[in-house]
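2 protein chains.
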Amino acid sequence: MSRMIRVAAAQMGPTQKDDRRADTLARMIALLEEAARLGATLVVFPELAFTTFFPRWLLEGETLLAHYERAMPDTRTRPLFDRARALGVGFYVGYAELTAAGERFNTSIIVTPAGEILGKYRKIHLPGSVEPRAGARFQQLEKRYFAYGDLGFPAFRAGPEWSEAIMGMLICNDRRWPEAWRSLALQGMELLCVGYNSAAYDPNGGETESAALRTFHAQLVVQANAYMNACWAVAVAKAGEEDGSGLIGGSCIVDPNGVIVAQAQTLADEVVMADCDLDLCAQGKSKMFDFAAHRRPQWYGRITAQTGAILPEAGIS
Amino acid sequence: MSRMIRVAAAQMGPTQKDDRRADTLARMIALLEEAARLGATLVVFPELAFTTFFPRWLLEGETLLAHYERAMPDTRTRPLFDRARALGVGFYVGYAELTAAGERFNTSIIVTPAGEILGKYRKIHLPGSVEPRAGARFQQLEKRYFAYGDLGFPAFRAGPEWSEAIMGMLICNDRRWPEAWRSLALQGMELLCVGYNSAAYDPNGGETESAALRTFHAQLVVQANAYMNACWAVAVAKAGEEDGSGLIGGSCIVDPNGVIVAQAQTLADEVVMADCDLDLCAQGKSKMFDFAAHRRPQWYGRITAQTGAILPEAGIS
Chain A
1 MSRMIRVAAA
11 QMGPTQKDDR
21 RADTLARMIA
31 LLEEAARLGA
41 TLVVFPELAF
51 TTFFPRWLLE
61 GETLLAHYER
71 AMPDTRTRPL
81 FDRARALGVG
91 FYVGYAELTA
101 AGERFNTSII
111 VTPAGEILGK
121 YRKIHLPGSV
131 EPRAGARFQQ
141 LEKRYFAYGD
151 LGFPAFRAGP
161 EWSEAIMGML
171 ICNDRRWPEA
181 WRSLALQGME
191 LLCVGYNSAA
201 YDPNGGETES
211 AALRTFHAQL
221 VVQANAYMNA
231 CWAVAVAKAG
241 EEDGSGLIGG
251 SCIVDPNGVI
261 VAQAQTLADE
271 VVMADCDLDL
281 CAQGKSKMFD
291 FAAHRRPQWY
301 GRITAQTGAI
311 LPEAGIS
Chain B
1 MSRMIRVAAA
11 QMGPTQKDDR
21 RADTLARMIA
31 LLEEAARLGA
41 TLVVFPELAF
51 TTFFPRWLLE
61 GETLLAHYER
71 AMPDTRTRPL
81 FDRARALGVG
91 FYVGYAELTA
101 AGERFNTSII
111 VTPAGEILGK
121 YRKIHLPGSV
131 EPRAGARFQQ
141 LEKRYFAYGD
151 LGFPAFRAGP
161 EWSEAIMGML
171 ICNDRRWPEA
181 WRSLALQGME
191 LLCVGYNSAA
201 YDPNGGETES
211 AALRTFHAQL
221 VVQANAYMNA
231 CWAVAVAKAG
241 EEDGSGLIGG
251 SCIVDPNGVI
261 VAQAQTLADE
271 VVMADCDLDL
281 CAQGKSKMFD
291 FAAHRRPQWY
301 GRITAQTGAI
311 LPEAGIS
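Going line by line, the protein sequences match chains A and B. Using full-length UniProt numbering, the first residue of the first sequence is number 1, and each one after it goes up by one. Using full-length UniProt numbering, the first residue of the second sequence is number 1, and each one after it goes up by one.
In case anyone wonders, no lab produced these hints; they're calculated from the structure. Nothing here was measured: the structure is a model prediction, and the numbers come from that model. Treat the hints with caution; some may be incorrect.
[Claimed, not checked] Only pairs whose alpha carbons sit at most 25 Å apart, straight line, appear in this in silico SDA-like list of lysine to any residue:
# : chain 1 : residue 1 : chain 2 : residue 2
1 : A       : K287      : B       : N204
2 : B       : K287      : A       : N204
3 : B       : K120      : A       : Q306
4 : A       : K287      : A       : Q306
5 : A       : K287      : B       : K287
6 : B       : K287      : A       : R144
Assemble the whole structure, with the sequences as input and the hints as a guide.
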C-alpha cells in the first residue's frame with residue numbers, strides 16, 4: 001500500500017508594491033494551472049502571497065489595510081478558488097487577515113480540491129518589532145501589523161482525495177522553531193506546508209549573512225524537523241528582488257528522511273513537484289521516533305515553564 | 001573580544017568485546033595526547049567509551065556488570081584522568097554507571113583541565129527494548145541495561161580556563177530529540193558535547209537504511225539543533241566494525257550557524273579539531289533566536305502534556 005499525494009511547491013518571484021492585485025492573482029492562477037497540468041492535487045503558495053511583503057514599510061490607515069483580506073475568498077481572491085475547484089486542485093496559501101472585530105493576523109489556510117477550507121492557522125512566531133527602527137529605509141514590522149496567532153498549532157485530517165493525510169501548517173519564521181513542528185507531530189502530522197518571505201541580505205546594509213547561508217539555514221531547519229518529526233514538508237518562498245529588498249528562494253519538498261527530493265532552481269515563479277507517499281512516515285513514527293515509547297516529557301518542563309533563557313550559576317556543582 | 005576554546009573530537013574506532021580494558025584506555029590516552037599536542041583544552045570522547053557497545057548482547061550477572069564503572073575515576077580509569085590533568089586538558093566521556101544503590105545509567109561527565117568533575121548527565125532518551133528480540137543475533141537492550149536518566153538536562157558554567165562557557169551534554173539518541181537541545185538552550189548553552197554509538201546498518205540483515213543515510217541523519221540533527229539553539233556542538237562517534245556490527249562515523253564540530261567546521265574522515269581513532277569562539281553564539285541568541293522576545297510557550301502545551309501522538313478527528317473542522 002501507498003498513500004500518495006502529488007504535491008507542487010508554487011514558488012513566486014517578487015511582487016512589487018505597485019503591482020496590480022489582479023496581475024499577481026493571474027500569476028498564481030498560472031502556477032496553479034501548471035501544477036494541475038503536471039498532475040498535482042495540492043499546490044503550496046508562499047506566505048502573504050497576494051501582495052508584496054508589506055511589513056518592510058511603515059504604513060498607516062487605509063494604505064496599510066489595503067494589504068489585508070476581510071474574507072477568504074472575497075471578490076478579489078475568488079478567481080483563484082474557482083479555478084482550483086474547477087481543476088480539482090487544493091492549495092495552501094498565506095495572506096494578511098483582517099477580522100470583523102478588527103484583529104489582524106498573518107494567516108494561512110488549506111483549501112481542499114472540493115473548495116472547502118480544511119483548516120486555518122495564524123502565525124505564532126512573529127519576528128521583527130512593534131516600533132519602527134528610526135532612520136532605517138527598510139523595516140520588519142510584523143509584530144506591529146499582526147497579533148500573535150491565537151489558534152495554536154492545529155493539525156487537520158484530509159479526506160480521501162488526499163489519502164486522509166494529517167496536515168499541518170506553519171508560516172515563515174515558525175519553521176525555525178522546533179516546538180512548532182513538535183506540536184503538530186504530536187497530532188500525527190504527515191505533511192507540513194510552510195510559506196515564507198525570508199531576507200536574502202540586510203536591506204539596510206548592516207552586518208549581514210550571505211544569501212547562500214540564509215538559504216542553507218532555511219533548508220536545514222525544514223530537513224531536520226521533517227526527519228525528527230517523520231513527516232513530509234513543503235517549504236515555499238516568495239523570492240527575488242522585491243521593492244529593493246532581496247528574498248531568498250530555495251523552495252523545496254523534503255521527505256521524512258530529511259532529504260530534499262525537489263527544489264527550485266530560480267528566484268522567480270516556478271513549480272516544483274514531487275510524489276509524496278504518506279506511508280513513508282510510518283518507519284520513523286513507529287521506530288526511531290515512536291513518541292509513546294521514547295519521549296520523556298517529565299524532563300521537558302523548561303520548554304513550557306519559561307520563555308527566555310535562565311543561566312546557570314558559575315562554579316562546580 | 002572573543003571567547004575561544006580549542007576543542008578536539010576524539011573519534012574512536014571499534015572496540016571488540018574481547019579487547020583488554022587497558023588497551024582501550026591506552027588508545028584514549030593516545031588520542032588525548034594528540035589533542036593536547038594540537039593545543040586543544042577540551043577533548044570529547046564517545047558514548048560508552050571504555051568498552052564495546054555491550055547492549056548489542058544479552059548478558060547477565062557479572063558478565064554484564066563488568067562493563068560498568070562503580071566510581072569515576074576508579075583504578076581502571078584513573079590513568080586517563082591523571083594524564084589529562086598533567087596535560088591541562090579537560091574532557092567529556094561516556095560510560096556505564098553503576099551506583100552504590102545498584103542503579104545503572106548510561107552516563108557522561110565533563111572533567112575540567114584541573115581534574116574536577118564539572119557536571120554529570122544520565123541519558124534520558126534510551127532507544128531499544130527491555131526484552132530481547134527472540135532469535136536475533138544482535139540486540140539493542142539499552143532499556144534493559146539502563147534506567148532512564150534522572151538528572152534532567154543540566155547545563156554547567158565552566159571556569160575561566162574554558163572562557164566561562166555554558167556547557168551541555170547529551171548522549172547518542174538524545175541528539176535526535178529537539179526537546180533535549182532546547183532544555184539546555186533555555187539555560188543559555190553555548191557548547192554541546194555528545195558521544196554516540198549509532199548503527200551503520202541492521203546487523204540482523206533486516207530492511208535497512210544505508211550507512212550514508214544514517215550518517216546524514218546524525219549530522220543533520222546536530223547541524224540544525226546547533227543552529228536553532230545558537231550553540232556550538234561536538235558530536236563524536238565510536239565507529240567501524242565492532243563485534244560484527246557496524247557503527248557510523250561522521251564525528252564533527254558544528255558552529256552556531258549549523259555549519260560543519262571539521263569532521264572525521266575515517267572510521268578509526270581520529271582527532272578532529274576546531275577553534276570555537278563562544279561569542280559567535282551571541283548573534284543567534286540576541287536576534288533570530290532571542291527566546292525571550294520570540295518564544296510563545298503558551299502554545300507548546302502538548303510537548304509536556306502528552307507523550308505519544310493524539311490524532312485529529314477526520315473531517316472539516
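Hints versus structure:
no. : hint             : verdict
1   : A:K287 to B:N204 : holds (16 Å)
2   : B:K287 to A:N204 : holds (16 Å)
3   : B:K120 to A:Q306 : holds (23 Å)
4   : A:K287 to A:Q306 : violated (31 Å)
5   : A:K287 to B:K287 : violated (36 Å)
6   : B:K287 to A:R144 : holds (17 Å)
Hints 4, 5, counting from the list given before, are not met by this structure.
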